[in-house]
Amino acid sequence: MSHSLDAYLILAGILFSIGTFGFLARRNAISMLMSIELMLNAVNLTILAFGAFIPALKVQGSVIALIVLAVAAAEATVGLSIVIAIYRNKKTPLVDEYDTMRD
Amino acid sequence: MAIPDALPFINLRWDDLLFLILSGVMVGSALLVVTLRDIIRCGLAMMVSFAALAGLYVEIGAPLVAAAQVLVYIGAISVLVLFAIMLTQTKAAPARLVFQTQALPAAIAAGVLAVLIALTVGATNWNAVSAPIRTGTAILAKVLFDQFVLPFEIVSVLLLAAVIGGIFLAKREAGDSI
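So the sequences go chain by chain: A and B. Those letters in the first sequence? Residues 820 to 922, per our numbering, in order. Those letters in the second sequence? Residues -3 to 174, per our numbering, in order.
The following block holds chain B by itself, in its conformation from the complex (with noise of 0.2 Å):
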């Protein structure tokens, strides 16, 4: 039996629903990063939010940079985040008030962004093509090896300076406790 084109009765393409079901669970879990008490469950859920946006990046026609998403975010980035909470918690950070006082005006201000990008975006013409236009590995890496490898030289240099810079920062001084 074939897989109909559209989900039945409603008629919504699949790719559209999986859309739809990406995009609510990397917005839910990025409202639950912001809001959560808990922070380590904030991590978490951060967690969840990159990997559907690395599923998002598939939907595009990205799937190298997903897999770069997966590796580097929930890989590396989300494990150092992690780290850095146990090694900062006291016991009483939870139980305190999590939110500035400003936290009024600053959701009033980000929903003020939000629709401000929004209205943008509707009343542009960006001059778009239907569908996303796939990009393979093959000519990725041959447009980053050849055009772009000064700034992928930089980049890692960049890497190397951060990683000596992270260690300088973070190393004990002697006598300290922690």
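If we strip away everything but chain A, and leave its shape as in the complex, we get (with noise of 0.2 Å):
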């Protein structure tokens, strides 16, 4: 099980699917950003395990993978900073009373 890709691929695909559940269905903007670091890190899983299992991608799917966390900090910075600035505005941390743009 622990030696075969396609358990790894699998278990990186519920993890993505837990992340979109969390991303369509919670109301807080902190939730969703959570949810999407869930599913950065569900790619950087199937990264890693294409690295780890096909010879032809050996340390290339480290380096990627790397790349990949440095990116999701900065990601993480910039929308929680977004999400503290529009709060300071709204007063509220829920996505569906941010409708300024609707009208």
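If you are wondering where the hints come from, they were derived from the structure by calculation, not from laboratory data. Be a bit skeptical, because a hint or two may be false.
Unchecked claim - With a cut-off of at most 30 Å between alpha-carbon atoms, the simulated DSSO-like pairs for lysine-lysine come out as follows:
| # | chain 1 | residue 1 | chain 2 | residue 2 |
| --- | --- | --- | --- | --- |
| 1 | B | 138 | A | 877 |
| 2 | B | 167 | A | 910 |
| 3 | A | 909 | B | 167 |
Claimed, not checked - Ranges between beta-carbon positions, derived for each pair:
| # | chain 1 | residue 1 | chain 2 | residue 2 | range |
| --- | --- | --- | --- | --- | --- |
| 4 | A | 907 | B | 143 | 40 to 50 Å |
| 5 | B | 40 | A | 907 | 22 to 32 Å |
| 6 | A | 890 | B | 127 | 28 to 38 Å |
Ideal Cβ placement from N, Cα and C applies to all residues, glycine included.
These two chains come separately, so use the hints to put the complex back together.
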């Protein structure tokens, strides 16, 4: 089981789906950002699984995973500061009350 | 006394047992992240999920990425998320409805996505080897600073831009109350 690529890919698929559900269903902006982090982690697990089980991708998988990790950190910084900036104007973290652009 | 190769009675190998435990913890705490009512607990469950994922990275043979996962995700991003939660929670928010009205269609869509991914993975021949190849730190460093040095530098510029952008966006204007 731990020696098969399929098990890791299916596990990553499950994690990605959980993240998708959280992103679509939660009302809180920070919960949505946490769901995006879960999805990014699922993709990272996929990349590392391919790197570990396909000899041609051996080291490249780890390099790409490290770069994804750094980009995820940058994304979290900017995303959370945008949420804090919106919170300062609207006084609520709930995304369904962010409807200024609808009018 | 030598430790047997596999778990007695059910004939489960030790690394398979570790894989099952880690993936169970990871999926369980990820479900808690998207379903719990108290958002602080969501953040803490997210840390547990990231830690189990770091264990899976070690098992798959990428110890340096696992260390980076612990440092970046558990050490930095989780703390950032917890700070943002504490800055943005009002007293009324946790008592109100957690999910959007489209939660049920979202659950169905996510379930369909998981089934589709599982079917695709099962139906494809990946030409995979039968045991994970371990990526040592020395060879990883050699490739990272030789073949991938340009992406590495671009990422460092991106991080600088993100730091400046984050400070600019979250900066308090004169006269703001929070």
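Checked hints:
1. With a C-alpha separation of about 13 Å, the suggested pairing of residue 138 of chain B with residue 877 of chain A holds against the 30 Å cut-off.
2. A hinted pair counts as satisfied when its Cα atoms are at most 30 Å apart, and residue 167 of chain B with residue 910 of chain A qualifies at roughly 16 Å.
3. A hinted pair counts as satisfied when its Cα atoms are at most 30 Å apart, and residue 909 of chain A with residue 167 of chain B qualifies at roughly 16 Å.
4. A hinted range of 40 to 50 Å for the beta carbons of residue 907 of chain A and residue 143 of chain B is consistent with their spacing of about 44 Å.
5. Taken as a hint, the range 22 to 32 Å holds for the pair residue 40 of chain B and residue 907 of chain A, whose Cβ atoms sit roughly 25 Å apart.
6. As the Cβ distance of residue 890 of chain A to residue 127 of chain B is approximately 30 Å, the hint placing it in 28 to 38 Å holds.
Violated hints: none; the structure is consistent with every hint.
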